[in-house]
Amino acid sequence: MQSLGIDVLFKGSNFLRLLGGLWVSVRISLISVILSIALGLVAGVLMTSKNIVLKAVFRVYLEIVRIMPQMVLLFIVYFGTSRIFGWNIEAEASAIIVFVFWGVAEMGDLVRGALISIPKIQYESAEALGLSKSQTYLYVILPQTVRRLIPLSINLVTRMIKTTSLVLMIGIVEVLKVGQQIIEANRTTSPNAAFGVFLVVFLLYFLICWPISRFAGYLEKRWAA
Amino acid sequence: MKEYLPLYRDALFLTMRIGWEGILLAFVIGLVCVLILHFRIFVLKQITSFYIELFRNTPLLVQLFFIYFGLPKLGLKISPALCGMLGLGLLGGAYMAETFRSGLENIPQIQFESAESLGMSRMQTFRYVILPQAVSSSVPGLVANVIFLLKETSVFSTVSLMDLMFTAKDLIGMYGRTVESLTLLVVFYLIMLLPVSILGSFVERRMRHAEFGN
Amino acid sequence: MKNSAKAALLGLTFALTGVLGMTAFADDKVYRTLDEIKEDGTINIGVFSDKSPFGYVDENGDYAGYDVYFGNQLAKDLGVDLNYVSTEAANRVEYLTTGKVDVILANFTVTPERAEQVDFALPYMNVALGVVSPEDAPITSLDQIGSDDQVIVISGTTAETYLVKNNPEIKLQKYDTYAEAKTAFENGSGVAWANDNTEVIAFAAENPGYVVGIPSLGSNDTIAPAVTKGNDTLLSAINDEIVSLGKDNFFHKDYEETLLDTYGKDYEDTLVVEGGQIAEASTEAETEAATEAE
Chain A
1 MQSLGIDVLF
11 KGSNFLRLLG
21 GLWVSVRISL
31 ISVILSIALG
41 LVAGVLMTSK
51 NIVLKAVFRV
61 YLEIVRIMPQ
71 MVLLFIVYFG
81 TSRIFGWNIE
91 AEASAIIVFV
101 FWGVAEMGDL
111 VRGALISIPK
121 IQYESAEALG
131 LSKSQTYLYV
141 ILPQTVRRLI
151 PLSINLVTRM
161 IKTTSLVLMI
171 GIVEVLKVGQ
181 QIIEANRTTS
191 PNAAFGVFLV
201 VFLLYFLICW
211 PISRFAGYLE
221 KRWAA
Chain B
1 MKEYLPLYRD
11 ALFLTMRIGW
21 EGILLAFVIG
31 LVCVLILHFR
41 IFVLKQITSF
51 YIELFRNTPL
61 LVQLFFIYFG
71 LPKLGLKISP
81 ALCGMLGLGL
91 LGGAYMAETF
101 RSGLENIPQI
111 QFESAESLGM
121 SRMQTFRYVI
131 LPQAVSSSVP
141 GLVANVIFLL
151 KETSVFSTVS
161 LMDLMFTAKD
171 LIGMYGRTVE
181 SLTLLVVFYL
191 IMLLPVSILG
201 SFVERRMRHA
211 EFGN
Chain C
1 MKNSAKAALL
11 GLTFALTGVL
21 GMTAFADDKV
31 YRTLDEIKED
41 GTINIGVFSD
51 KSPFGYVDEN
61 GDYAGYDVYF
71 GNQLAKDLGV
81 DLNYVSTEAA
91 NRVEYLTTGK
101 VDVILANFTV
111 TPERAEQVDF
121 ALPYMNVALG
131 VVSPEDAPIT
141 SLDQIGSDDQ
151 VIVISGTTAE
161 TYLVKNNPEI
171 KLQKYDTYAE
181 AKTAFENGSG
191 VAWANDNTEV
201 IAFAAENPGY
211 VVGIPSLGSN
221 DTIAPAVTKG
231 NDTLLSAIND
241 EIVSLGKDNF
251 FHKDYEETLL
261 DTYGKDYEDT
271 LVVEGGQIAE
281 ASTEAETEAA
291 TEAE
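Chains as they are written, first to last, in the numbering used here: chain A, 1 to 225; chain B, 1 to 214; chain C, 1 to 294.
If we strip away everything but chain A, and leave its shape as in the complex, we get (with noise of 0.2 Å):
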C-alpha cells in the first residue's frame, strides 16, 4: 500500500505552513469571540428591553445570524462593501466582523436568556439596598452571568475555529487552504499526500478544540450556580 504520504509534511517548511495556517484560523476565532462577549453582554441587555423597535430588530438580527450562510456575510462584507461603498476592509478584518456579527447575536441571545433566568430576587433585593439601576447590573447582574457566559463562550470558540475554513473564499490562506496547497503541489510524487495531510489536519483542528471544549467543561463544573 502506498505510503499515506505524511512524508511531505517534512518538505521545507510545509509543516510549519500548516501550524501558521492553524494559527491563523484560531487568531481569527480568538478575537471574534472576545469582542463578542463584550458587545454581547451590551447586546443581551438591549435585547431585554420592552421596546418594541428594539425587540423586533433584534428579532431580525438572529433571524439573519441562523439563516444566512456565513460564505455569503464574508462575501457582503469583503466585496460588497467594495462594490457599494468603495470600502476597502481586508480579508481578515472581514471574517473578524462577519464572525463577531454572529458572535454577538449568539452571546446575546445567552446573556438574554441568562439575564432572565436570574431570579427576581436578585433584582428587588439590590433595589431594597438603594444600588441604582446600573449599578445593580454592574454588580450583581452581570458578574454572574458572566459566570454562565464563559463556558458557553468557550463552546463558541471550537464552533468558530471550524467554521474558519470558510475564510479561503476570500483569501485567507488558513489551515485547510494550507494542507490543500501541499498535497496539489506534491500530487505527482506523493499522490496519496492527501489522507496524510487531512489526517494531520483532522488531529491539529481535534489538538486545538478539544483541551478548549474541556476547559469549558472544568469551568462549567465549577462554576455551576
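Treat the hints as calculated values from the structure; they're not laboratory data.
Treat the numbers as computed from the prediction; the structure is a model and nothing was measured.
Virtual Cβ for every residue (Gly too), placed ideally from N, Cα, C.
Wrong hints could be hidden among the right ones.
In silico DSS-like pairs for lysine-lysine, Cα to Cα no more than 25 Å straight-line [to be verified]:
(1) A:K133 x A:K50
(2) C:K76 x C:K247
(3) C:K38 x C:K229
(4) C:K76 x C:K38
(5) C:K247 x C:K265
(6) C:K265 x B:K2
(7) A:K133 x A:K55
(8) B:K77 x A:K221
(9) C:K171 x B:K77
(10) C:K76 x C:K253
(11) C:K76 x C:K229
(12) B:K2 x C:K247
Selected chain C positions facing chain A (in silico; Cβ < 8 Å) [said to hold, decoys possible]:
(13) V30
(14) T33
(15) D50
(16) K51
(17) V57
(18) E88
(19) T98
(20) K100
(21) T183
(22) G230
(23) T233
(24) G264
Position chains B and C relative to chain A; hints supplied.
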C-alpha cells in the same frame, strides 16, 4: 438568472433530503449515546464519550473526506448520498448527544429522588419522569442543532454532492455572475431554513412546560 | 409565530438588500490604473495556490507555476513588488470587479460570458480537452456514455464548462480539487475523467490501466490574463508585455521551467501561446493566425 432556477431547485431537494436523513440519524445516534452515558454502560460509555469528543472537535469536511475517499481504499465503496447522510449523522449525533445530556442535567435531582421514593425503577423513572422533561428542555438546543446541521450541508461539495452552496460556487466559477448566484443562494437557504426556524420557535414555546420556578 | 414570520421577512429584506446592494457601484472607478499601481509600488495578482503546475505554493512557501512565472516577470518589468492573492474559481471575477486585485492570472479560460464582466488580455496558453477512462472500459466517444454513467470533472475547469454547454445530457460528478477527482476516479466512481488533455495524458502515462480514449475534445480555448473592466492602462501594459516577451520566446521558457516535468516536451508547442498569437500548429511549421487582441 432564470436558467439557474432548476439547478437551485434540484440542489434544494438534494440538500433537504440528505440533510433531513442525516438529522434523523443524528437524533437516533444522539439518543442512544445519551442513554449509554446515563446508564453508565461499561466500555460503551468510554467509546461513546470518545466518539462525541472526536466528532464535536473536528470539521465535517475532513470527516467526509475520510469516509468517502478512505473507505473505498479499504474495499468499501460508498455512494456520495450515503456518505453525506452518514457524515452529517455522525457529526450531528455528537452534537445531539450533548444537547440531550445538558437537557438531562437541567432536571433537578429531586425528580430522580421523588420517583425513587415512589417506588419507580430506574427505567420507569427515566421513561415517564425524566425523558419528557429532558426532551422539553432540550428543544431550543435541538432546534439550533437542526439548523446548524442543515447549514453544514454546505461542505457536501467534498463528496461531489450538488448541494445549494456547491451549486452557487460552481455557477459563479463558470459564469462569473456572483450577485445573481448568491441572491438565489440566500433565497433558497431561506426557503429551506425559515420554516424550520418558525416551526422550531413554535415547538419551543409549546414545550416550555419543563420550566418552573421562574 | 407571526412575529417569527415578520422578523424573518424583514431579515430577508435586509439580507437581499445586502446582496443586491453589491450590484451598485461606488462612484469612483474600482480599479487602479497603471500609474497608480506603479506609484503604490505593489501589484496585486490573483493566482491559484493549489492548482499545480499552474499556480501552487512550493515547500518554501513561495508561489510557483506557469501562471506565476509570468506574474513574476510582469511585476519585474513593471518595476513593482508583488502581492499574490490566493483565489478560488468562484471568486476570480469578483476580485476584479471590486478591484481587490489588479490582475487575475489564475488559469482563466476566455469565455464570452466572462468577457462581459472582465477585460481579457492577449492569451498565453492553449487549452484542449481530453477524456481518460479505464483500459478495460475505454470511452472513445462521448456517445458511449450512458444516461446513468457519470463523468468526473473538476469544478471551475474548462472541461466542466465545455461539457455543461455542449453535452448537457452527460451527468457530471464534480469535485473541488484535483486530488479528490483523481481519488474518486481511481475508486471507480465515474466512467471517465474529463480534463485538460495534457493532464489526462500525463495521468495515463503515470498510472497503468488507464487510456486516453478521447485525446482531443472540442475546439481550442485559450487562457489569458484578466483585468477589471475598463482598466485600459493596465490592459495595454500587459498586452505590450506579452508581445515583447514573445520575441524572447518567454512562454516557451516558462513551459520548460514549470510544465516540462509534468507534461513532457510533446505539448510545448501546442500549449504555449507566444506573443499573444494563436498559431495553427502543424507538425512541421507554424502558420500565423489572426492575433486575438481584446
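Each hint, compared with the structure:
no.: 1; hint: A:K133 x A:K50; in the structure: holds, 15 Å
no.: 2; hint: C:K76 x C:K247; in the structure: holds, 17 Å
no.: 3; hint: C:K38 x C:K229; in the structure: holds, 19 Å
no.: 4; hint: C:K76 x C:K38; in the structure: holds, 11 Å
no.: 5; hint: C:K247 x C:K265; in the structure: holds, 21 Å
no.: 6; hint: C:K265 x B:K2; in the structure: violated, 45 Å
no.: 7; hint: A:K133 x A:K55; in the structure: holds, 20 Å
no.: 8; hint: B:K77 x A:K221; in the structure: violated, 44 Å
no.: 9; hint: C:K171 x B:K77; in the structure: holds, 20 Å
no.: 10; hint: C:K76 x C:K253; in the structure: holds, 16 Å
no.: 11; hint: C:K76 x C:K229; in the structure: holds, 24 Å
no.: 12; hint: B:K2 x C:K247; in the structure: violated, 47 Å
no.: 13; hint: V30; in the structure: holds, 7 Å
no.: 14; hint: T33; in the structure: violated, 16 Å
no.: 15; hint: D50; in the structure: holds, 4 Å
no.: 16; hint: K51; in the structure: holds, 6 Å
no.: 17; hint: V57; in the structure: holds, 4 Å
no.: 18; hint: E88; in the structure: holds, 6 Å
no.: 19; hint: T98; in the structure: holds, 4 Å
no.: 20; hint: K100; in the structure: holds, 6 Å
no.: 21; hint: T183; in the structure: holds, 7 Å
no.: 22; hint: G230; in the structure: violated, 14 Å
no.: 23; hint: T233; in the structure: violated, 19 Å
no.: 24; hint: G264; in the structure: violated, 12 Å
In terms of the numbered hints stated before, the structure departs from hints 6, 8, 12, 14, 22, 23 and 24, listed from lowest to highest.
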